[in-house]
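2 protein chains.
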Amino acid sequence: MKYRNESKLTELKTALKKCGLKNGDTISFHHQLRNGDSVLNLTLEAVKELGVNNIRLAQNALFNVHKPVIDYIKDGIVSRIEGSINGVVGDYVSYHPLKNPAILRSHGRRWADVKTKNLGIDIAVIAASSSDEKGNCTGITGKNAFGPIVYSQIDAMKAKKVIVVTDNVVEYPCTYQEITEGFVDYVATVDSIGNPENIVSGSTKITDNPVKQQIAHDCISLMDAAGIIKNGMSFQSGAGGISLAATKYLGESLEEKNITASFVMGGLTKYLVDIYNKGGAKKLYYAQCFDTESVKFVSENPGMPVMDIGHYADPTSKSRTVDSLDTVVLGGTEVDTKFNVNVNTHSDGRLLHGIGGHQDTAAGAKLTIITVPLYRKKNPIVRENVTTVTTPNDVVDAVVTNEGIAINPKRKDLLEKVKGKINLVSIEELKNMAYVQTGKPVPLNLGDEVVAEIKWIDGKIIDRVYRVKEE
Amino acid sequence: MKYRNESKLTELKTALKKCGLKNGDTISFHHQLRNGDSVLNLTLEAVKELGVNNIRLAQNALFNVHKPVIDYIKDGIVSRIEGSINGVVGDYVSYHPLKNPAILRSHGRRWADVKTKNLGIDIAVIAASSSDEKGNCTGITGKNAFGPIVYSQIDAMKAKKVIVVTDNVVEYPCTYQEITEGFVDYVATVDSIGNPENIVSGSTKITDNPVKQQIAHDCISLMDAAGIIKNGMSFQSGAGGISLAATKYLGESLEEKNITASFVMGGLTKYLVDIYNKGGAKKLYYAQCFDTESVKFVSENPGMPVMDIGHYADPTSKSRTVDSLDTVVLGGTEVDTKFNVNVNTHSDGRLLHGIGGHQDTAAGAKLTIITVPLYRKKNPIVRENVTTVTTPNDVVDAVVTNEGIAINPKRKDLLEKVKGKINLVSIEELKNMAYVQTGKPVPLNLGDEVVAEIKWIDGKIIDRVYRVKEE
Numbered sequence: 452m453k454y455r456n457e458s459k460l461t462e463l464k465t466a467l468k469k470c471g472l473k474n475g476d477t478i479s480f481h482h483q484l485r486n487g488d489s490v491l492n493l494t495l496e497a498v499k500e501l502g503v504n505n506i507r508l509a510q511n512a513l514f515n516v517h518k519p520v521i522d523y524i525k526d527g528i529v530s531r532i533e534g535s536i537n538g539v540v541g542d543y544v545s546y547h548p549l550k551n552p553a554i555l556r557s558h559g560r561r562w563a564d565v566k567t568k569n570l571g572i573d574i575a576v577i578a579a580s581s582s583d584e585k586g587n588c589t590g591i592t593g594k595n596a597f598g599p600i601v602y603s604q605i606d607a608m609k610a611k612k613v614i615v616v617t618d619n620v621v622e623y624p625c626t627y628q629e630i631t632e633g634f635v636d637y638v639a640t641v642d643s644i645g646n647p648e649n650i651v652s653g654s655t656k657i658t659d660n661p662v663k664q665q666i667a668h669d670c671i672s673l674m675d676a677a678g679i680i681k682n683g684m685s686f687q688s689g690a691g692g693i694s695l696a697a698t699k700y701l702g703e704s705l706e707e708k709n710i711t712a713s714f715v716m717g718g719l720t721k722y723l724v725d726i727y728n729k730g731g732a733k734k735l736y737y738a739q740c741f742d743t744e745s746v747k748f749v750s751e752n753p754g755m756p757v758m759d760i761g762h763y764a765d766p767t768s769k770s771r772t773v774d775s776l777d778t779v780v781l782g783g784t785e786v787d788t789k790f791n792v793n794v795n796t797h798s799d800g801r802l803l804h805g806i807g808g809h810q811d812t813a814a815g816a817k818l819t820i821i822t823v824p825l826y827r828k829k830n831p832i833v834r835e836n837v838t839t840v841t842t843p844n845d846v847v848d849a850v851v852t853n854e855g856i857a858i859n860p861k862r863k864d865l866l867e868k869v870k871g872k873i874n875l876v877s878i879e880e881l882k883n884m885a886y887v888q889t890g891k892p893v894p895l896n897l898g899d900e901v902v903a904e905i906k907w908i909d910g911k912i913i914d915r916v917y918r919v920k921e922e
Numbered sequence: 452m453k454y455r456n457e458s459k460l461t462e463l464k465t466a467l468k469k470c471g472l473k474n475g476d477t478i479s480f481h482h483q484l485r486n487g488d489s490v491l492n493l494t495l496e497a498v499k500e501l502g503v504n505n506i507r508l509a510q511n512a513l514f515n516v517h518k519p520v521i522d523y524i525k526d527g528i529v530s531r532i533e534g535s536i537n538g539v540v541g542d543y544v545s546y547h548p549l550k551n552p553a554i555l556r557s558h559g560r561r562w563a564d565v566k567t568k569n570l571g572i573d574i575a576v577i578a579a580s581s582s583d584e585k586g587n588c589t590g591i592t593g594k595n596a597f598g599p600i601v602y603s604q605i606d607a608m609k610a611k612k613v614i615v616v617t618d619n620v621v622e623y624p625c626t627y628q629e630i631t632e633g634f635v636d637y638v639a640t641v642d643s644i645g646n647p648e649n650i651v652s653g654s655t656k657i658t659d660n661p662v663k664q665q666i667a668h669d670c671i672s673l674m675d676a677a678g679i680i681k682n683g684m685s686f687q688s689g690a691g692g693i694s695l696a697a698t699k700y701l702g703e704s705l706e707e708k709n710i711t712a713s714f715v716m717g718g719l720t721k722y723l724v725d726i727y728n729k730g731g732a733k734k735l736y737y738a739q740c741f742d743t744e745s746v747k748f749v750s751e752n753p754g755m756p757v758m759d760i761g762h763y764a765d766p767t768s769k770s771r772t773v774d775s776l777d778t779v780v781l782g783g784t785e786v787d788t789k790f791n792v793n794v795n796t797h798s799d800g801r802l803l804h805g806i807g808g809h810q811d812t813a814a815g816a817k818l819t820i821i822t823v824p825l826y827r828k829k830n831p832i833v834r835e836n837v838t839t840v841t842t843p844n845d846v847v848d849a850v851v852t853n854e855g856i857a858i859n860p861k862r863k864d865l866l867e868k869v870k871g872k873i874n875l876v877s878i879e880e881l882k883n884m885a886y887v888q889t890g891k892p893v894p895l896n897l898g899d900e901v902v903a904e905i906k907w908i909d910g911k912i913i914d915r916v917y918r919v920k921e922e
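Protein sequence lines correspond, in order, to chains A and B.
Those letters in the first sequence? Residues 452 to 922, per the numbering used here, in order.
Those letters in the second sequence? Residues 452 to 922, per the numbering used here, in order.
These are computed hints drawn from the structure, not numbers from a lab.
Check each hint, because a few of them may be wrong.
As a list, the in silico DSS-like pairs of lysine-lysine whose alpha-carbon atoms are at most 25 Å apart [claimed, not checked]:
| # | chain 1 | residue 1 | chain 2 | residue 2 |
| --- | --- | --- | --- | --- |
| 1 | B | K769 | A | K464 |
| 2 | A | K656 | A | K729 |
| 3 | B | K566 | A | K769 |
| 4 | A | K747 | B | K734 |
Sequences and hints are given; from them, build the entire structure.
Listed below in structure tokens is the structure:
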């Protein structure tokens, strides 16, 4: 009658076997170890050794470190992918589509689809930088700390079986516990969950390109003109060079004007931490961490509210933190004259990037700013049509470029607010300026096969990515 | 297309109406405001004003402050109860059964039954001492702070509609967030969620009765003899006078022997906090708070792991913190010679107490100690048969009384360990000693109608409580 107090410690291969791994299963992973991740590759190696094939990957995202996935695809071990495919694997898949299209979702939509079992998971494999033998685990402590685990709660709740993978078993109970033991079947120990050098970029760097710095400055000017920089404001930006610069300049503006934001949020970086430490924001609201400084901050400030991704962006929930955002500053690979934004493909059609929180925050924030250079090398970035629609024009309010700011004509209220305060150009003018420098976009050389389906936050397909033909 | 950023603030009656409250609905409440709670009564008042009846209450527990429930039962507004019924309402129901028996579950089993919708909730009403306008809320801050909300997460996840009730609306985002906005439909403001005097007992008091102190001391001696008091041990006790004393004496023992427990847990009290502060335990692991000192501790130590009740005790989860307990010290209203324990009824048959975590911890701990006096006034506590079986003999290891310690004969290993180290008596001897003082138990005067069903942690009925006939 007594419940038994058994350790859940085992090896990864044994854990997969005990979980009943079989052909055709779906295995999920978080991507918080980024380009330093060893866990996905180790898992697929074990899958191969177990003689299992036809796996559907349901990772949050793949990086260049996951190059071995290409071989697993060739070998028939991996046959389907639902998740972002950054870098080399995306490049490969662009030329060699899987039998079924890859499916890409935003952070929020993935959470919703796992929650509702639209994306059913057989085995969730969850990397943790510390875990106790029962599976209470965290990404906040340990030599390979990567910040709080925030993507996997829903996988842990909904997967048929759950394996925590760690290289650091700690005394029960684990101090931080983003995932708790009640959801965990096995704790698999490995030598190393990843290479810390590449887990977090120790050197997240603000752009030192003056053109890009100007774009970042113009974002702040636009926010200022729109009356958004005031006490109680809220802000998020991405972790790209321009976005980081915008965050830094916002911090300076808050300090100069003696203004306190109610919260700044996002993937945490030292620039957000700086704003908080200088009193520019009452709260830091974060999910994943993007640099070593922010991982350290999190471990030293346990009282700050950590968001799981459902709380952040689940479109099927009753409200989300992104809905309380005043402004978000985001990037893109292309923007078109209808204000549609592409973040997934390059202009040659290759699928190289994931959606991340782009759609989620764009749909939530009162003011969604897209920052792009007018052109890159000989390729126009502002153009008549984006190669892939990731984030649709309805939720994009302004485009800030190195040659001026364009506001979505649907946002008459915003146009009214900023009138006379900043110079605006039309998106058509921006496109024309780009084309003057680069000529018209090079025609795409695509086949009929669908490489990937891009989902919008409502779960419907908003666009498709097609096969790139070899030259 | 943009999501809307709307406040969820409203009045309680409006919130209930907007949630579509109708006859026959099930409304749930947590009990963390205890005998100071205003929220349950305010809600039923609003239900009455809305002309709705036949409500099923799915509270965690009722206290004397909920006396008005008796009138709501008489009026047909409340017709069913699933939850603990402490004090005056239990007394009333004992003489006047509802049409359907009340259903009592342990903390863990209630969580499981809400999770699996065996106990389906239409509207969860969640009292919070602070909430922002989106419903991110806590019990840790505010003038009526009662400690972290730990019972309602599952109600929030599973109820059709969720109302947070607060008397303290804070700026977005709320600092602590045991419940997050994604689950919340409305935030209803009231003048006061409760009377802080009675929410936590400012004066949780160790027993000053020397007989009871001796019982507590004997618990520690038993633990010591069983080899449990050593580095890395774990411990929980209840918040009754004897249990608190046992906790205090354990702390003294740890200090004296220079031993560090891996964790001490439970409803948090200053005595557990004392052990932690003196270095007697590496971690405090807590769910609810039982006194003002522990509420204060929680607000000042945000890094300590807080357990929700699912993590603590959900019997349908993959493991629970109670499964890692070495020892738990619990009370009882009666113990019988088969080692069955009653915590629900008095020896006259009246249903006056809930199960709480009694079953959960008894089933989880390696050593489950029940502390009781041999008799109370003219009533034998150790007896041939308990009036109601709450916690069955399979999970009860030892009974410590003022006249000696009895060990369950099934625990041969334990008997072996303590042999020669402490004096033992048989449970029969204890019963005989009790009967010598009190005579045999007074026969019960019960009717045929079932007042309540007591569930065991596996969800099956372990015993029934019958109507007490009026004299």
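Consistency of the hints with the structure:
1. For a cut-off of 25 Å, the pair hint linking B/K769 to A/K464 stands: about 20 Å separates their Cα positions.
2. For the hint linking A/K656 to A/K729, the alpha-carbon distance of about 20 Å falls within 25 Å, and the restraint holds.
3. For the proposed pair B/K566 and A/K769, the alpha carbon gap of about 19 Å is at most 25 Å, so the pair holds.
4. Between A/K747 and B/K734 the alpha-carbon distance is near 21 Å, which keeps this suggested pair within the 25 Å criterion.
Hint compliance for this structure: no hint is broken.
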